[in-house]
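Trainee: Sequence:
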Amino acid sequence: MKYNIKKIIFIALIILCSAESKVIAQNIARNSGLHQLFENYYEDRLKLFPLEATAAGDNRYNNILPNDGSQAFLKQAHDFYSKYQIDLNGYKPENLNFEDRISLYILRDILTRELDAEQYHKEWMPFAQFFSLPLKMGQLGNGTGDQSFKTVQDYDNWLQRIDAFTVWTDTTIANFRKGIKAGMVLPKALVLKMIPQMESLAQSDTSKNVFYGPVKRFPEQFSNVDKVRLTNLYTHAIITQFIPAYKKLSTFFSGDYLNAARSTSGINALPNGEAMYRYNIYFFTTTLKSPEEIYETGLSEVTRITAEMEQLKNNIGYTAL
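Positions in the sequence shown are counted from 1; adding 3 to them yields the working numbering.
Keep in mind the hints are simulated off the structure, nothing from the lab.
Just to be clear, a hint being listed does not mean it is correct.
As the list claims (entries may be wrong) - List of simulated lysine-lysine pairs, BS3-like, C-alpha gap at most 27 Å: (1) Lys292 to Lys125; (2) Lys292 to Lys139; (3) Lys125 to Lys86; (4) Lys78 to Lys50; (5) Lys184 to Lys250; (6) Lys230 to Lys211; (7) Lys250 to Lys196; (8) Lys153 to Lys139; (9) Lys50 to Lys153; (10) Lys184 to Lys125; (11) Lys196 to Lys181; (12) Lys250 to Lys191; (13) Lys250 to Lys211; (14) Lys139 to Lys251; (15) Lys139 to Lys191; (16) Lys181 to Lys191; (17) Lys211 to Lys139; (18) Lys230 to Lys219; (19) Lys196 to Lys184; (20) Lys184 to Lys251; (21) Lys125 to Lys219; (22) Lys125 to Lys50; (23) Lys125 to Lys196; (24) Lys251 to Lys191; (25) Lys219 to Lys139; (26) Lys125 to Lys250; (27) Lys125 to Lys78; (28) Lys181 to Lys125; (29) Lys153 to Lys211; (30) Lys86 to Lys50.
Please construct the entire structure, taking both the sequences and the accompanying hints into account.
Mentor: If you want it as structure tokens, here you go:
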């Protein structure tokens, strides 16, 4: 019996292509599950971090302000990241198409970084002079920021966040005190800049207080009844909640915390600072490069870019410099 080699190869290719098509079809089905996981992660994250939802223009959680330094919240965040890390492990990159594989790697990296961060107790230094919830509240509550103030419900939502902020303030000061005991404190130079920030947000003249902004910008369709009610509520909240909270922060920073603040500036000066420094490199660059490697990369890039600029300058005959 004679065999037609070309025919045998052709049939084999058909079989292989058919098998590959089945694998692709199975992968597409699996990917739909992964897509749902991504969707679930996004939705659950917005619930856990409602300020992210507000910043994205999603107003569903505009009345919620989590006490993100509390032990209950820290556990909730840990469980959230751990759950999705376990769920994600159920998908093998080699079984995914290119786009889904990249998405998996990105989410896996996010989850790993967030869980790794727990060992460094960021809640003991909850904020500094550039980024902080006290400053963010001023941006949200002035009536022109991400927080929506278009409906009566919007105004009532913000009142609930004010209530939560007073609780957050007490928890945050307690966490700063834990940092003092652990030797994990901010540089004195930064603390000195934070004090006037808190003082300015504690403006005692209600009409000039930044949080009175929404009252000055009532939508025209609001009834007089709603305007009177909300004016009274906002005035009361500023006097009895915001001003005391910011004064409490100012007093704490200008007293106990300033006395405990350090004269050093680098993260590496903190307890376990070297490891924390390397973690921050990983967090911000997604690489495991050492500080020395990052530094050398910076030097080499400056040299490379400068050389290209010089060459371009010479090519076009630029002589102004």
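Trainee: So, for every hint listed, does it hold in this structure?
Mentor: Hint check results:
no.	hint	verdict
1	Lys292 to Lys125	holds, 22 Å
2	Lys292 to Lys139	violated, 33 Å
3	Lys125 to Lys86	holds, 21 Å
4	Lys78 to Lys50	holds, 15 Å
5	Lys184 to Lys250	holds, 23 Å
6	Lys230 to Lys211	holds, 18 Å
7	Lys250 to Lys196	holds, 15 Å
8	Lys153 to Lys139	holds, 19 Å
9	Lys50 to Lys153	holds, 22 Å
10	Lys184 to Lys125	holds, 14 Å
11	Lys196 to Lys181	holds, 21 Å
12	Lys250 to Lys191	holds, 19 Å
13	Lys250 to Lys211	holds, 16 Å
14	Lys139 to Lys251	holds, 17 Å
15	Lys139 to Lys191	holds, 22 Å
16	Lys181 to Lys191	holds, 17 Å
17	Lys211 to Lys139	holds, 18 Å
18	Lys230 to Lys219	holds, 10 Å
19	Lys196 to Lys184	holds, 22 Å
20	Lys184 to Lys251	holds, 20 Å
21	Lys125 to Lys219	violated, 37 Å
22	Lys125 to Lys50	holds, 21 Å
23	Lys125 to Lys196	holds, 20 Å
24	Lys251 to Lys191	holds, 19 Å
25	Lys219 to Lys139	holds, 20 Å
26	Lys125 to Lys250	holds, 23 Å
27	Lys125 to Lys78	holds, 14 Å
28	Lys181 to Lys125	holds, 11 Å
29	Lys153 to Lys211	holds, 21 Å
30	Lys86 to Lys50	holds, 15 Å
In summary, the structure is inconsistent with hints 2, 21 from the numbered list given earlier, while agreeing with the others.
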